[in-house]
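J.: The residues making up each chain are set out below.
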Amino acid sequence: NAGVTQTPKFQVLKTGQSMTLQCAQDMNHEYMSWYRQDPGMGLRLIHYSVGAGITDQGEVPNGYNVSRSTTEDFPLRLLSAAPSQTSVYFCASTFAQGQREQFFGPGTRLTVL
Amino acid sequence: GQQLNQSPQSMFIQEGEDVSMNCTSSSIFNTWLWYKQDPGEGPVLLIALYKAGELTSNGRLTAQFGITRKDSFLNISASIPSDVGIYFCAGPEAINTGKLIFGQGTTLQVKP
Numbered sequence: 001n002a003g004v005t006q007t008p009k010f011q012v013l014k015t016g017q018s019m020t021l022q023c024a025q026d027m028n029h030e031y032m033s034w035y036r037q038d039p040g041m042g043l044r045l046i047h048y049s050v051g052a053g054i055t056d057q058g059e060v061p062n063g064y065n066v067s068r069s070t071t072e073d074f075p076l077r078l079l080s081a082a083p084s085q086t087s088v089y090f091c092a093s094t095f096a097q098g099q100r101e102q103f104f105g106p107g108t109r110l111t112v113l
Numbered sequence: 001g002q003q004l005n006q007s008p009q010s011m012f013i014q015e016g017e018d019v020s021m022n023c024t025s026s027s028i029f030n031t032w033l034w035y036k037q038d039p040g041e042g043p044v045l046l047i048a049l050y051k052a053g054e055l056t057s058n059g060r061l062t063a064q065f066g067i068t069r070k071d072s073f074l075n076i077s078a079s080i081p082s083d084v085g086i087y088f089c090a091g092p093e094a095i096n097t098g099k100l101i102f103g104q105g106t107t108l109q110v111k112p
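Same order as they appear, the protein sequences are chains A and B.
For the first sequence, the working numbering gives the first residue as 1, with consecutive numbering after it.
For the second sequence, the working numbering gives the first residue as 1, with consecutive numbering after it.
Take the hints with a grain of salt, since some may be wrong.
Claimed, not checked - Quick list of simulated restraints, FRET-style, between CB atoms:
(1) A/Thr70 x B/Ile28: 49 to 55 Å
(2) A/Ala2 x B/Gln3: 43 to 49 Å
(3) A/Ala2 x B/Lys111: 33 to 39 Å
(4) B/Asp18 x A/Thr15: 46 to 52 Å
(5) A/Thr5 x B/Ile67: 38 to 44 Å
(6) A/Ser18 x B/Lys111: 25 to 31 Å
(7) B/Asn75 x A/Gly16: 27 to 33 Å
(8) B/Asn75 x A/Phe10: 33 to 39 Å
(9) A/Thr86 x B/Ala78: 35 to 41 Å
(10) B/Ala78 x A/Phe95: 30 to 36 Å
(11) B/Ala78 x A/Glu101: 38 to 44 Å
(12) B/Asp38 x A/Asp38: 14 to 20 Å
Stated by the list, open to error - Computed from the model, here is a short list of chain A residues facing chain B with C-beta under 8 Å:
(13) Gly40
(14) Tyr64
(15) Glu101
(16) Phe104
(17) Gly105
(18) Pro106
Honestly, the hints are just simulated from the structure, not real lab data.
The beta carbon of each residue, even a glycine, is placed where N, CA and C say it ideally should be.
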């Protein structure tokens, strides 16, 4: 059981470039989410999904897109990177909406120049 | 929207000392979660609390769900260097959703 995996671990982008952060889980979890972590601000929810084919916005969704074509994968897309998106990104998953104990991936550290 | 306020923001203590941190909210939570984040890693769940007044231990860690349901406390006894990290409280935004709200975190440093 690999748990929640994220790739890449580090990424540097130029302003305006696009990229996809990958997230996968092998625990058959229904619920997956993306957070960003900035100093002194804890973790803020970007987007989440309650199951394949269903996604919704979190607290800070602007500039990010997601899709959920399978239960296992939940990629996060940055369409046109901005310096304000420099952050550490975490993917998390849990069994179901009622299960609050989320499991986190190791994170992707993104720098936008 | 709902917010969780953690205090203190940071602590620098001597090995062997006890540590106490807390989390407060302006609204009621039906679940309190405490996570620890080691440097360069994702958060890992330490303790989950589901009932007002509940007191739960995990080794040297003890957490309590406040009776008003608007606060929670985490205590670490006899700290050791590997306790270093960021401790987050979290709670679900609404009943039966997986959407968590996180506090700002308490950064703990332990001097050997």
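J.: Indicate, hint by hint, whether the structure satisfies it.
T.: Do the hints match the structure? See the list:
1. The supplied range of 49 to 55 Å is broken by A/Thr70 and B/Ile28, whose beta-carbon atoms lie about 36 Å from each other.
2. For the pair A/Ala2 and B/Gln3, the beta carbons lie near 34 Å from each other, so the given range of 43 to 49 Å is not met.
3. At roughly 36 Å, the beta-carbon separation of A/Ala2 and B/Lys111 lies within the given 33 to 39 Å, and the hint holds.
4. Our hint of 46 to 52 Å for B/Asp18 and A/Thr15 holds, since their Cβ atoms are close to 47 Å apart.
5. Range check, A/Thr5 to B/Ile67: about 40 Å between beta-carbon atoms, so the 38 to 44 Å window is met.
6. Roughly 45 Å separates the CB atoms of A/Ser18 and B/Lys111, a value that falls outside the hinted 25 to 31 Å.
7. Under the hint 27 to 33 Å, the C-beta atoms of B/Asn75 and A/Gly16, about 48 Å apart, miss the expected range.
8. Against the hinted window of 33 to 39 Å, the Cβ-Cβ separation of B/Asn75 and A/Phe10 comes to about 35 Å, which satisfies the hint.
9. Between A/Thr86 and B/Ala78, the C-beta spacing of about 38 Å keeps the proposed range 35 to 41 Å intact.
10. Take B/Ala78 and A/Phe95: their Cβ atoms lie about 34 Å apart, and the range 30 to 36 Å holds.
11. With their beta carbons about 26 Å apart, B/Ala78 and A/Glu101 fall outside the hinted range of 38 to 44 Å.
12. Between B/Asp38 and A/Asp38 the CB atoms are about 18 Å apart, so this pair conforms to the stated range of 14 to 20 Å.
13. About 6 Å separates the beta-carbon of A/Gly40 from the nearest beta-carbon of chain B, less than 8 Å, and the hint is met.
14. This hint is violated: A/Tyr64 has a C-beta 16 Å from the nearest C-beta of chain B, more than the 8 Å allowed.
15. The criterion of a C-beta within 8 Å of any C-beta in chain B is met by A/Glu101, whose closest approach is roughly 5 Å, and the hint holds.
16. A hinted interface residue such as A/Phe104 counts as satisfied when its beta carbon comes closer than 8 Å to some beta carbon of chain B; here the least separation is about 3 Å, so the hint holds.
17. Satisfaction of the interface hint for A/Gly105 is found here, the shortest Cβ-Cβ separation to chain B being roughly 5 Å, below the 8 Å cut-off.
18. Checking A/Pro106 against chain B by beta carbon gives a least distance of about 5 Å; that is within 8 Å, so the hint holds.
In summary, the numbered hints that this structure violates are 1, 2, 6, 7, 11, 14.
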